[in-house]
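Participant: The lines below spell out each chain.
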Amino acid sequence: MARREAITGLLWVQAWFIGFVLFTLGPIVAAAYLSFTEWNGVGSPRWIGLGNYAELLTDDPLFWQSLKVTGVFALLYLPLSLLIGFGMALLMNQRLRGVSVFRTIYYLPSVLSGVAVAVLWGFVFHRDYGVLNYFLSWFGIDPVPWLQDPHWVIPALVIMQLWGIGGSVIIYLGGLQGIPTELYEVARIDGAGWWATLRTVTLPMMSPVIFFQLVLGVIATLQIFTQAYVLTGGGPDYASFFYAINIYQRAFVELRLGYACALSVVLALIIIAITGIIFKTSRSWVYYAGEKENS
Amino acid sequence: MTTQSFVKGFSGSAVTRRGFLAAAGGALALAAAGCSGGKSLPGTDTPSGAAGSGSGTIQFWTDHSDDEVLNFKKVIANFNKVNADIKVNLLNIADAAKYYTKVNTASVGGNLADVFYARTFDIASWVDKQRIIPLTPLVDQDKAAVDSRDFWPAQVQQMSVRDSLYALPYDFSNLAVYINKSMFSDAGVPIPTDDWTWDDFFEVGGHFVQKEGKKQKRWGAGMVTYDWFMMGVFKSNGGETFSEDLSQCVVNQPANVDFLRKLSDQMAKGVTPAPNATPAGVDPFAAGLVAMQVNGSWATAQTRSAVGNKFDWDVIRLPKGTTGKREVSAAGGSWVIPPTSKNQVAAWTFVKYLASRESQQVLIVDPLRSIPGRQSSAADWSAKAKSSKEPPKSIEVFPQQMKEDAVAWAFPKFWTEFDTIWANRIATLGAGGDPAKILAQIQDDTNKAAQR
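So the protein sequences, as listed, match chains A and B.
Note that the first sequence covers residues 1 to 295 in the working numbering.
Note that the second sequence covers residues 1 to 452 in the working numbering.
All clues given are correct.
Here are the simulated DSS-like cross-link-like pairs (lysine-lysine), alpha carbons at most 30 Å apart as the crow flies:
(1) Lys325(B) with Lys386(B)
(2) Lys98(B) with Lys68(A)
(3) Lys437(B) with Lys269(B)
(4) Lys393(B) with Lys325(B)
(5) Lys68(A) with Lys448(B)
(6) Lys437(B) with Lys68(A)
(7) Lys68(A) with Lys102(B)
Here are a few chain A residues that sit away from chain B, every Cβ distance over 12 Å (derived from the structure):
(8) Leu83
(9) Leu90
(10) Asn93
(11) Val101
(12) Leu112
(13) Leu162
(14) Gly164
(15) Thr181
(16) Leu183
(17) Ile189
(18) Ala196
(19) Ala268
(20) Ile270
(21) Ile272
(22) Tyr287
Each pair of labels, with its calculated beta carbon distance range:
(23) Leu90(B) with Ala273(A): 45 to 55 Å
(24) Thr8(A) with Asn111(B): 36 to 46 Å
(25) Lys269(B) with Leu136(A): 14 to 24 Å
(26) Pro61(A) with Gly432(B): 17 to 27 Å
None of these hints come from the bench; they were simulated from the model.
These numbers were taken from a predicted model, which means no experiment stands behind them.
For glycine and all other residues, C-beta sits at the position ideal for the given N, C-alpha and C.
Chain B on its own, in the form it takes in the complex:
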């Protein structure tokens, strides 16, 4: 049945094919006319952002826990006391993977928030993808207000690409070992000292393993295997992850393979949980599923909240590697502005406030969370830590490691691709994956991606 005969049957007289196509073409033209004249179409050379009037509503995205959102709301309320003409809409996405999904998809759609949270290892990659604007010109205009000399030099290095600063700091973090002191006391195992090694870490963990038949009830030594942390572990054992000029991945080295093999063996023995071995959505340390857990300085406040009075806990320094050194990975959170923001002036006003000492007091110092992104705030933080009765009592471990053991990495522009490849390949460790093959594949896949 043709279109013509259908229309004839419907109306009793034929509308010609030409007439139908003309009507359709007219409708298309109307639709196209309605579409043009708004936001600029893809293919234009200039991004569709604008400086804006400096007032109005801005969108603010961050990736923190629900407890921390309350502090962000306090900061916004304090900001509005001085800047009543800028309304800040906060969106918090607690799950990191979902936060990155949001940022990635919004980036392509051209509707990123005016201010959003970025981890410092993302900066180089996001600059390469033209996802964020340089802040140096703005900082130069506002030197007194921003006072970038107060930032950690190592963090400034991570927030900069080709001597241009792309973010203002939120916090600067490293990792330590959270220990369940009650469990150690019950088992009669002494708390390790600062001189311990990774072999000691696994050996001590072995004392706490509990199994019921083939089911694991408790592990001894919780590790994290995400890429940024493992870079430091590899370095402490004599291995590297990237070439010095950050042009390629060199992770497939004997020292790195040896450590991963050791880790895989501990997973097979049940000393260390394999990836996804602990129940999803459960904090294994707070739930008493591990006696020790590697975790970051950012987790002190949420651990305090999750553990409550269940058991006594503290933090100790990370173990040393075969080189005799600790090599603790340090990176941080920061605030960035996309080129598509329609109100970049207002966004910059808010970012400056977020990075101010006043904001650091609310977000980092008062909750004794992580280490502040300002050195002056770090002094406030240390003073509060000394006087606080809240656990962890040894919270000074984090700034001490920052001074003595931290490696302030510069990250390559293909970091996003490396991160995705790493997460995919490392997932088989502890489920039969061969460490040598895993690292070889990560290196090959990353270098291919880097060439693109």
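The shape of chain A in the complex, shown without the other chains:
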């Protein structure tokens, strides 16, 4: 009976397992193999060993450019998204009339598709006809060529991405509402002010959520594609040439599938390395209340 139950359970898992193998593990293994080949999608892939890796590290300035663009974007966007998302969640965690309306309003942008958002922001960022420059003109600021100037295109994309952080605000809000109120009462009795309460109660209790958001944020940010591809195509002058756009161009425009796979493998290794570092450092700043009780 128990054996039958076990087999039944395993059979149910097989559905997921087959999907995992076909759509995740299989393509990963195939990409890893193809990264050592030269292939344009027709005929057989030709084994070239480490040729693609040698080329991308030593003979492809666009590899470094795309890495730099992605890194700069991540360094600008991630801290801001964590701060602003958490800040907004703190504000929305108030018992005020109408706060649910605000929660809805701030969440709505995150349900829109990436392409629609990019097209919309294309109008917002227009130099002469965009609403953003119109607002800036009230303060006497000259029109900013957001999408035409290589120095402004990354800040523009950061602004666009920050508009859609409503999803992370909801996750922070969930975490905040899970903090036991007794802790706040104790802090209040001990005479802690707002800042001390935030520092000693809220942030430690929220650290697992922040850690989760950070890890997911790193993984998503390093793979950003849709918004930049639709809005700028990687320009101007490769200033928004994200790593994922580089992969797309090598694969689908130049038909260098082996090289594109090598780029993908490198990206995966970078993401794994950064995530590993975050996990390793998490012991010093992530507080799990359950672990403390059990230790």
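Let chain A serve as the given structure and place chain B on it in line with the hints.
Facilitator: Showing chain B alone in chain A's frame:
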């Protein structure tokens, strides 16, 4: 917690690790068996296309405006009167960038349409990428029906690689300057003559500039900066883009830098819109945002529709360069078949019809759009143009330029890479980009890509 202890906790008795792995392996084998026996796997030497039975359903992709789609539907209906056993599914993608995204991704996925639209400057690059099949053997079998002697020789050159024809023609186009005659009349500025130069173009444009504070309300002279057009402009000013043997890009030349610098200065003055300076999705000429606009022969029908009765307009020849010549870029649209088509016979039947005089009448002659890809249809087109009261009245400018000023380029096999690099680098012109640096980077990047 190990897998074993989890399973024991769930069922009350342990299923061994070996048993679990065996089950997983069995599932994998089942999945792999289900996958094999269908379309051939990557790594086979032969593409997975087939001649097919000559009937059935074929997919047809094109990249035109919504108005023009109606004409394509008429052509399909006419085709079906004679070929009722071939069903044609039309997919039109109006935005060129999105059309290329579709073609590029479908090419890798092996599911390109049976017949799709190709610009003639793409042919050499797509042949190199094995994206399309040679049509010469099919043309040789069907000489009477196809009558390739009726095609423009210059276009045949662009549609051929190593003496093999890879496409049948749709249209053959060049560019001219669309002028808002009402705006010229209101400003008291005379319409330029055919002898004008690029300096005259910018000088005349300066009369129409309007600004409100720092915001530009109107420009004078709209330019296009896409690569294919600029090749002709460079040549008219004494510069080249590719070496004669098409093995490398040589665009970084003083004559080319000089012209780009001149253009950049005009953008800074607001005479010419910088790239993306006009509102997205708006036709600047039809909206009255520019007094003059460089545009192609393919845009006459859509401009007629967009302008309506708003103002009086016409076309005039492109300006001459410092060499005293015009050097107008000519290229066209064409129809191609991929090696992955499962019904190449039916696709060829449809392509032949698309390139026929009957189809040209519906697609090109009746709407007075562009210049037909057949010389015999061009005669029909000229006759209709002479008798038509629709603007532009000087539509004959396009075939005249084709005869007298057109440069029929042959395009290199690394054209796709050059096109991508050009679009990226030229975008900074008018936003502080240095023309000399832009061209140097385009040349270096392209030659690196060409070596691969």
